[in-house]
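*Asks:* As they're listed, the protein sequences go chains C and Y. Counting from 1, one number per residue, gives the positions in the first sequence under full-length UniProt numbering. Counting from 1, one number per residue, gives the positions in the second sequence under full-length UniProt numbering.
Simulated from the structure, these hints should not be mistaken for laboratory data. None of the hints are false.
A pair counts as met if it fits within one copy or between any two copies, since identical chains are not told apart.
Only pairs whose alpha carbons sit at most 25 Å apart, straight line, appear in this in silico DSS-like list of lysine-lysine:
#1 LYS243 x LYS54
#2 LYS201 x LYS173
#3 LYS201 x LYS134
#4 LYS54 x LYS240
#5 LYS158 x LYS118
#6 LYS173 x LYS158
#7 LYS240 x LYS61
#8 LYS61 x LYS118
#9 LYS233 x LYS54
#10 LYS31 x LYS61
#11 LYS31 x LYS54
#12 LYS159 x LYS118
Residue-level listing of the chains:
There are 2 protein chains.
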Amino acid sequence: MAQEAAFTSSAMATALENSSVSYEELADIEKEFDDAETEIIRQQVALTAPLYVKRAELLSKIENFWPLVLEQAPPDIDQFIQPSDSALLLSSLTSLSVDNFEITSADKNGDPRSVAIKFEFAENEYFENKVLEKKFWYRTAADGWSGLVSEPVKINWKKDKDLTGGLLDLVIKAWEVEQSGKGASSKKGEPNDAQKALMKKIEGTGMGGLSFFSWFGFIGRRVTEEVSKEAIKREAARRKGEKVAEDEPMTEEQEDQEDLEMSLEIFPDGDDLAIAIAEDLWPGAIKYFTQAQEQDALSDLDFESGDEDDEAGSFQGLSDDDEAPPLKKMRS
Amino acid sequence: MAQEAAFTSSAMATALENSSVSYEELADIEKEFDDAETEIIRQQVALTAPLYVKRAELLSKIENFWPLVLEQAPPDIDQFIQPSDSALLLSSLTSLSVDNFEITSADKNGDPRSVAIKFEFAENEYFENKVLEKKFWYRTAADGWSGLVSEPVKINWKKDKDLTGGLLDLVIKAWEVEQSGKGASSKKGEPNDAQKALMKKIEGTGMGGLSFFSWFGFIGRRVTEEVSKEAIKREAARRKGEKVAEDEPMTEEQEDQEDLEMSLEIFPDGDDLAIAIAEDLWPGAIKYFTQAQEQDALSDLDFESGDEDDEAGSFQGLSDDDEAPPLKKMRS
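If we strip away everything but chain C, and leave its shape as in the complex, we get:
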């Protein structure tokens, strides 16, 4: 109820105003919790690394494990997978893996929230690539925003098999122009030729049933590693009470530029999908794999014809001496 929410929120504003606590103090303690959480992720990655290696070895022996897991994925992943994507994945996906690459590589001081998501494929009729890997860097912007940013990944589609209908290629093209530094059009904030082509394509495409593979085109905000490091340093100094230069607000040109980039984003929730894969699907893969079987066995009960050999809730094919406890609901 909007009215109730409005009441509560103005009550909150009042409560804060009437207290001796500033919004900044609240934001600061939240930042401390955030830092602690980041440290915990670092420890978690270290602790679970050998387990993931062990698990990968096990799962590599189960045919179609990852395609079947994707079929069972929760809505925030499943909603993006079209029937034609399913066909490709089920027939050709051989492996999926997530790597917190900024801390597993040589530079152990990187951000543990950055993830590389890798899909491995067998020979297939859609594209040449054996591996499609997309990296997401956790960055902090000058205005205080923080989150995942990425780069588009080129897929070498076979003839007439481009599931994105050419959209991904136009994103790659516009990105290459942007990276070359020669992307300026005659008027700043106005689209250059590559961007115009992409814009035209987007306008002509029903973005509703877009292929999952357009996710490889997600870019997000443009925040370089240097800008990020500077923003983090400044924030830390401010919290220590040191004097820091005021953030320069974005110029109108810069804002227009950012608006343009955001309008050309072909997969706006690409960062959310990355988080869903890295933090839900990847750790919970076995749970999703077996959950389907548990549900199926339970629904079989409704149709039981009184066959006493059926053990309710256990898996088909399980021998008597392999009685395993039901998988616990994992605290996530």
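Go by the hints and put chain Y onto chain C.
*Replies:* Structure of chain Y alone, referenced to chain C:
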């Protein structure tokens, strides 16, 4: 689509059967991840303990902080709070806290997933208690189930002010009989007098709009500390490959007893609510508190009459030199 799910799940069963991997191997690696997760929780509690102390000091200065946070709670908490509960909470709740008591107490080897949730109240017209604290112990049962169990908490309602309409008192009564060991009725599995009274009350009560305070009556499965320790030891031995005695299946009497207890549970999702409070509301309290203000400020934009002094997205009362960055979306 049920058909699609059924196809996938039988495909999964087939995939597993055709592999050299057993369901037990999958369950074992899941258990190893579970153990790692428990260790991480232990580290997280240690790391964040001083931050929660610091935060509590800050929040104690903001009047009505916790009642306002509860008003903003996500659906899985909010759905249980009735209007009459709201009135009580808003006028009298002074503090809410969560304590992983099994590891913060002297015995540091306890389970970090056990939580004590404490509500503190000012003098109010509903009940005498200044503090209502409910403990949840993380236990493992002989059949492999694991999760939170609790005990009912007595509320000293003032005359004609019992928001649970007498239900909670009957739960307490039945529990006391159960704990005394004198709970056996003439026939095992049949309800004793206290249980009959509770059963009758439940039947006569519309359980739909039940007061949030009936949550204090949640009990869950009966799994003692001894049974839990034994089950955990046995599980560890089995995973090491040692020979362990077969689990004794429940007798029919024991099953009837458990069914009876489950039917007398006045708040079946009490463990889920505990988890929502301990793992979402408690860590995210400031986020929930300020989120309402952010949403309110944004919706104010729709009705802007061109007043240039309104800063979009910033909080009312915020002075110019207190420009704080927007609270980041915390990775949960």
